[in-house]
Amino acid sequence: MGSKSRIALVAAAVVVLYGPLCDLLFLNYVWGILSAAALIFLAANFRPTLAVGVGGFVALELMLFQGLPQSTTFLLSICLPALLIGYLVRSRGGGFRAIFWGLIPVLVLVALFMTAYSEVSTSLSLTIEAWVDEFALQAREMGQSQELLEGLTSDLKNFGRILVELLPSLLLLSVLFNLTVAYFLSCKLGSKVGYHIPALPHFSRWRLSDYFLGMVLLGAIFSLLHNPGMRIVGHNLLAFSAGLYFFVGFSVAEFFLVKLNVSRLLKLLFYLLIFLGQVLSLVLLGVLGLFDSWFDFRKLKSGVAVSA
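Residues 3 to 310 (my numbering) are what the sequence shown spells out, left to right.
Bear in mind the hints are in silico, worked out from the structure with no lab data behind them. Quick caveat: nothing in here was measured; it's all calculated off a predicted structure. Heads up, a few of these hints could be off.
Claimed, not checked - Each pair of labels, with its calculated beta carbon distance range:
1. F67 x Q280: 38 to 48 Å
2. M232 x D135: 47 to 57 Å
3. L202 x T117: 48 to 58 Å
4. L282 x G58: 39 to 49 Å
5. V18 x A201: 42 to 52 Å
6. F67 x L154: 38 to 48 Å
7. G153 x L286: 36 to 46 Å
8. R233 x A132: 19 to 29 Å
9. S125 x P200: 18 to 28 Å
Positions of the beta carbon are idealized from the N, C-alpha and C atoms, including for glycine.
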């Protein structure tokens with residue numbers, strides 16, 4: 003067996019192992035990313051039928067032994083996005099363009115979720131409320147103040163309702179993050195064995211196309227409508243945009259930290275403040291990323307930015 007065949011066999015084995023490991027919580031998540039990276043690598047560098055065959059085999063394995071929901075999730079969030087990305091890379095369309103196109107199958111998963119949104123959201127909300135009530139009961143038995151617990155449980159239930167409403171956008175952001183990591187791994191590991199996949203730009207040079215401003219505007223318009231369904235769509239468009247612009251704002255901050263030659267200790271403190279700031283950091287960096295679309299702080303559009 004030649005070296006090329008051995009490499010393809012190892013990549014295929016990584017994907018096939020996802021089936022037996024899908025019930026293990028943390029390992030399931032990590033192996034899902036590795037499987038996506040392996041499928042991108044196979045689709046980009048070998049015969050497309052090989053990657054399709056491996057992905058199809060795992061989907062069939064999951065359907066037979068884990069059920070249709072697990073198989074559908076694998077197909078729409080790992081297999082098909084990775085195959086689409088690998089195909090686009092093969093056609094010299096790599097990078098973030100390929101990754102965003104890879105979200106198309108995930109939109110089907112979101113659409114399936116939205117068709118049963120009322121039932122799913124009600125079930126999840128009731129589950130969260132039951133968990134909060136159980137938490138409050140245990141805290142009350144430990145002697146916590148009734149007034150404090152009432153305020154806390156009310157806030158937790160409201161937060162749970164917001165999370166349930168924003169599940170579609172959170173799902174998209176999660177898969178986008180996973181596909182980006184998978185693409186990065188396929189680039190790095192592929193280069194180690196002599197295969198080239200177009201690399202992502204340095205983090206300090208990440209930016210969004212100006213077309214994404216239209217998504218922000220559309221989300222704002224939908225959020226103001228009286229129709230509850232349209233408002234939910236608008237809120238999810240805004241939440242998805244906020245997640246994207248947060249990373250762009252983080253990228254802008256990283257660019258200037260590198261450009262100003264800030265020491266590693268100060269950079270570490272800056273990252274720590276972002277982590278501790280949580281919602282405030284999300285808002286500030288999101289606004290910075292949004293403004294970068296207008297003001298082009300790093301001069302990336304004109305191509306004169308100092309390389310970071």
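Here's how the hints hold up against the structure:
no., hint, verdict
1, F67 x Q280: 38 to 48 Å, "holds, 40 Å"
2, M232 x D135: 47 to 57 Å, "violated, 32 Å"
3, L202 x T117: 48 to 58 Å, "violated, 34 Å"
4, L282 x G58: 39 to 49 Å, "holds, 46 Å"
5, V18 x A201: 42 to 52 Å, "violated, 27 Å"
6, F67 x L154: 38 to 48 Å, "holds, 42 Å"
7, G153 x L286: 36 to 46 Å, "violated, 27 Å"
8, R233 x A132: 19 to 29 Å, "holds, 26 Å"
9, S125 x P200: 18 to 28 Å, "violated, 43 Å"
In summary, the numbered hints that this structure violates are 2, 3, 5, 7, 9.
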